[in-house]
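Participant: Sequence:
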Amino acid sequence: MACHGLVTHRQHSLPGMPGAVSNRGPGHRWLKDSAPPMQSETSPALRVVREYLAALQAGVAGDDLARFFTPDAIQVELPNALNPGGQTSDLPAILSRSLQGRQVLASQTFEILGELAAGDNVAVEARWTGVLAIPLGALSAGAQMRAHFAMFFETREGLIHRQRNYDCFEKW
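So that you can map any letter, position 51 of the sequence shown is 51 in the numbering used here, and since no number is skipped, the others follow by simple counting.
If you are wondering where the hints come from, they were derived from the structure by calculation, not from laboratory data.
Heads up, some of the hints might be wrong.
Label-pair distances were calculated between CB atoms; the ranges are [unchecked claim]:
no.	residue 1	residue 2	range
1	Thr-42	Pro-135	37 to 45 Å
2	Gly-137	Asp-72	29 to 37 Å
3	Lys-171	Pro-44	35 to 43 Å
4	Pro-84	Gly-158	33 to 41 Å
5	Gly-119	Ala-143	35 to 43 Å
6	Ala-58	Tyr-166	21 to 29 Å
7	Arg-146	Gln-103	17 to 25 Å
8	Asp-90	Ala-138	17 to 25 Å
9	Leu-139	Gly-119	15 to 23 Å
10	Gly-119	Gly-142	22 to 30 Å
11	Val-60	His-161	35 to 43 Å
12	Ile-134	Glu-157	31 to 39 Å
13	Pro-79	Val-104	13 to 21 Å
14	Ile-134	Gly-158	32 to 40 Å
The beta carbon of each residue, even a glycine, is placed where N, CA and C say it ideally should be.
Can you make the complete structure from the sequences, with help from the hints?
Facilitator: Set out below in structure tokens:
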């Protein structure tokens, strides 16, 4: 399935975990001797996360991203090759950093490899590709960067309240 250009897959409920859904195939066995998961509706939490990632991919930045977050939202980026010290951002910093990112990147895509939603919580595994708008380190403008993301979201009233990113960048 595609959601605003994001590559996603059909969702299924997880046996023994009421309200939890995943995009693993119906033949995937989550628990020993469990029945194959059944298809489920998209949860509100998963919907807002998908819409947020699609907006980032479409180049939305700054105040236009605020609609996805609670006013007291916090985003935590764990240490990685691009940001060795990691960073914790409140909503104004999230919006400001998105504008900085738009100056560095000509485009970015998220290929969703896995999703798991349980109540107000969502976990997403994604393969990210960014095309540089400007030179960065040894990379020239137009070069591609790739990373593998594990993103964990907590939503509140249909908006992102907390986000934690574990970003694993491929060598550049």
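Participant: Measuring from beta carbon to beta carbon, are Leu-139 and Gly-119 in 15 to 23 Å?
Facilitator: Given range 15 to 23 Å: violated, Cβ gap about 40 Å.
Participant: Does the Cβ pair Ile-134, Gly-158 satisfy 32 to 40 Å?
Facilitator: holds, 36 Å
Participant: Could you see if the CB distance from Gly-119 to Gly-142 stays within 22 to 30 Å?
Facilitator: violated, 42 Å
Participant: Indicate whether the distance between the beta carbons of Pro-79 and Val-104 respects the range 13 to 21 Å.
Facilitator: holds, 19 Å
Participant: Assuming the hint says 35 to 43 Å, is it satisfied by the Cβ distance from Gly-119 to Ala-143 or not?
Facilitator: Between Gly-119 and Ala-143, where Cβ atoms are some 40 Å apart, the hint holds.
Participant: Could you check the hint for me, namely that Pro-84 and Gly-158 are 33 to 41 Å apart, CB to CB?
Facilitator: Hint holds: Cβ distance 34 Å, inside 33 to 41 Å.
Participant: Taking the beta carbons of Ala-58 and Tyr-166, is their distance inside 21 to 29 Å?
Facilitator: Given range 21 to 29 Å: holds, Cβ gap about 24 Å.
Participant: Does the beta carbon distance between Arg-146 and Gln-103 stay inside 17 to 25 Å, or does it fall outside?
Facilitator: holds, 20 Å
Participant: For the pair Gly-137 and Asp-72, does the Cβ-Cβ distance stay inside 29 to 37 Å?
Facilitator: holds, 35 Å
Participant: Does the Cβ distance between Asp-90 and Ala-138 fall inside 17 to 25 Å?
Facilitator: violated, 33 Å
Participant: Does the Cβ distance between Thr-42 and Pro-135 fall inside 37 to 45 Å?
Facilitator: Check passed, 40 Å falls within 37 to 45 Å.
Participant: Could one say that the CB atoms of Ile-134 and Glu-157 fall in the range 31 to 39 Å?
Facilitator: holds, 38 Å
Hint violations for this structure: numbers 8, 9, 10 and 11, all remaining hints satisfied.
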